[in-house]
Every structure is written in C-alpha cells, then in structure tokens.
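What follows is each chain in one-letter form.
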Amino acid sequence: MTTTTGSVTGAVWAALAGVADPEIPTVSVVDMGMIKKVDVAGSTARITILPTFTGCPAVPIIKEDVERAVSSLEEIEAAIVDFSFEPPWTSDRITEEGRSKLAAFGLAPPTGKGPVLITDIGLPKVAICPFCASKNTSIDNPFGPTPCRSLYYCNACRNPFEQFKPV
Amino acid sequence: MSDSLAALLTALADDELIIGHRHSEWTGFAPHIEEDVAFSSIAQDEIGHAAAYYTRLSQLGHASDADRLALGKDTVDYRNAIICERPNGDWSYTLARHWLYDAADSVRLEALESSADHELAALATKMRREERYHLLHADTWMKRVAAGPVEGRTLLITSLGSAFAESAGLFEPIVEEEAAIEAGWLPAPSHELRARFLARTAESLEDWGLPAEVHAGLDRSAEFVASSSGDLIAGRDRPGKDSPVASHGALGGRRGHHSEDFKSLWDDMTSTYRSNPGAAW
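For the record, the sequence lines run as chains S and Y.
To convert, note that position 21 of the first sequence is 21 in the numbering used here; the numbers rise steadily by one, no gaps.
So the numbering used here is basically just the index in the second sequence, starting at one, shifted up by 1000.
This is chain S alone, in the form it adopts within the complex (with noise of 0.2 Å):
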C-alpha cells in the first residue's frame, strides 16, 4: 500500500470531475455541486450525491456512470453510491466553473447567490441570453424538457433558450 487514503480520495474525487450529468454532458456531476462527500475507507469508496431534483429520472444513470468511474481506479475494488435530501440540493451549489460550462451549453445558469428562500423561489425576472448575452429575453414556459428547466426566447438574438430554474 503505497497510497494514503487521502490522496485517494482525491483521485475518486478527480474520477468524479469526469462524471457527467446525462441530461447536460458538458457538466460533471462535481460542477454541478452535487457530491455530498466522499468517504474513503480501505478500498472501498462511498460517495453521497444530491439530486438537484427529487424526481429526476437521470438520478439512476448517475450512480451507474459514477460506480463506473470510480471502481475503475486502481485503488478501489467497490464503490458505493448512496443519495441524501439533507441537506437540499440548491442551485446555489452549482460552481462558477459549472455556470460558464452551462452557458456554453446554451443554458442559462441560475442567477442570485446563496440559498434562495422558499418564498423567494422563481423564475429570474430578467433572464440573459447565453448566446448574446442579451438582457431582451421574455418567458415561454415555467416549464421545460426536464425538471431542472424553464423556457425562454431572446428578443435580441431570437434564439429560443432555457433557464435553469434556481430552487
């Protein structure tokens, strides 16, 4: 045993940089804020996800792309991937780096800093365009192709866009 478990954890942590979310494959589940912890003992890792939402039906997708990569290390011979509500997942924890990949996706980020208060919860009042960059955008549709998403238009670029919701 040459490794310290911490420095593997570290690898399962880069294991994990390189998961992405099936629903958006330009960001990893890490980007996304979604690693609870990881805990390492002996060979076997445990790691404790957040769904960003309670319903979302790419939850399963996740722990098998994420049991993958991380008992493909050399390291480690199981890997255990539990999901926890506690604390919320809130779109808070999505990381700048996250935000920028989401942009490029063509997906707006969600706005605001913090934990949004539940009374406080909604859609942006203005939202910016990822393409242009625009702030002439107008709602379509709380709603969109997934949970996590609203529909927009870009009045400048005219270019249909989504929102992620902040939750």
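These are calculated hints, taken from the structure and not from any lab test.
Since we're looking at a predicted model, the values are computed, not measured.
C-beta: ideal position from N, C-alpha, C; glycine also.
Do not rely on the hints blindly, as some may be mistaken.
Heads up, simulated DSSO-like pairs for lysine-lysine below, C-alpha to C-alpha not over 30 Å straight-line [what the hints assert, rightly or not]:
1) S:Lys36 / S:Lys63
2) S:Lys113 / S:Lys125
3) S:Lys135 / Y:Lys1263
4) Y:Lys1073 / Y:Lys1263
5) Y:Lys1143 / S:Lys125
6) S:Lys113 / S:Lys37
7) S:Lys113 / S:Lys63
8) S:Lys135 / S:Lys36
9) Y:Lys1143 / S:Lys63
Derived contacts from chain S toward chain Y, CB cut-off under 7 Å, selection only [as the list claims (entries may be wrong)]:
10) Glu86
11) Pro88
12) Ser138
13) Asn141
14) Phe143
15) Val167
Guided by the hints, dock chain Y onto chain S, whose structure is given.
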C-alpha cells in the same frame, strides 16, 4: 417499523402518484403546447415525489421496492384522497383542482419539515422548494381566469365549488393518525392543516376577486357529490366511518374507498407493471 409512519407515507405517496397520473393525461392533449409541457413536467415532479416516498417506505422494510408499492397493489390498497383520482374534466376543473391540491400540499409539506422521521423531514424540505413552481403556475392561471372573460370565470367558479368540496378528502385523517401525531411523524393533526389551508385559500380568493362562497362546498363535502363535469349533485352514499359504500363522496380515500373513476385509472396506470411484475423497464 411503525405502522403509523407507513400509513402516513402511503397516503402522501398515493396522493402524489394519482394526481401525477391525472396531470400526465394532458400530455399531448392540453389546450396549447406550453400547457402540454407544463402539465407533463408537473406530472413528472409529482410522480418523482411519490417514488421518493415509496422508496422511504421500502427502506423501512415495508416492501421490496418502490414500483411494487406504487403499482403492485389492488385498488383498495390505495390511500389517496378521492379528489386526486377525479377525471380531468374540462380545463376549469383541471385548474381548480391543481390550485387546491398544490395549496394543500404546500401546507402539508411545511408541517412535515419538522417530522420526527428525519428522512421524511429532509424530503419535505426538498420537495417544498420544487412544489413552489407548481403553486406559481396555478396562481398565475387562477389570477388570469378570475380577471378574464365572464364565460371562463363562471366555469372556474363552478369548478372551484366542486373541487373545494372534494378537497376535504386531502385532510381526512390517515389511519392511525393519533399514533402518527404522538410519535411526531405528523407534526400537526389533519384538521389543523385543513384550517391553515382554508385560511390561505380564502385570502387568495379575496385577492383575485373570486367569491368566498366557493368555500361553502367544504362543509357539505359528505353530503354532496362532485361529478367530473363540475356539477354538485346530492350524494347518495354518505361515507360513514366503516361504510363500504363511501365511493361517491369526497371522503373515504384514506381508508381505501375510491370512486368509480378510480378503476379505469388503475387499469391504465398499472397495465404495464401487471404484464410483467418485477421487470426493470
């Protein structure tokens, strides 16, 4: 495990599953495409919430898996309120029920955030943040139709009357409610949650200029039957405590009594599961 916690989780899960199923029936059929997307997305959320409650139940050793708890049971084993299973009817009934269901759910989730079951409390905290979008959607429609042309407004008021009467079923005490309260699983009794729900919805009705009388249906919930067309008809089968014929009123769902409408919903909803129980789809 605690039977009263299981009873509570089953009622919560079945409500979410059945209302989610009804909402999903708008997929492909809503009056316009944006609402098609909206109701489909809300349905996905509700069914996802049901799955989370069923998963909690299975963690407690109640059954092997969430699918079986949701789909592998007979109609009399469902504990959803009857309002959830009513056919969608017209758009006014769909909106009235959507608003009342989500208003009731928000009151309930707020209380459950302090449940003694730590997992349930965490789930409630998470779900309440998501449900906020459902409530915003319903509020927007209510406001718009309330202030809109008289025909739509009249239809909405009629549907609110029936949906309000039926909403009593959402606050029908669960089986073993006293034990659930005693243990802290359910932090407030159903009648108290109902009082909060009534106070909040009364405030909204006033804000939107809708008649407070639509509330009146509530106290007659046991005597009146709401048909899917939105009319109130005098009920024949007043649900008694042990009555097996509570199927036409608003109450009884929490004891497994359902309306005639439920059978066809159940047939449709469980047909795939029943074709090969236990299969992974």
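**Asked** Which earlier hints can't be squared with this structure?
**Response** 3, 8, 9 and 12
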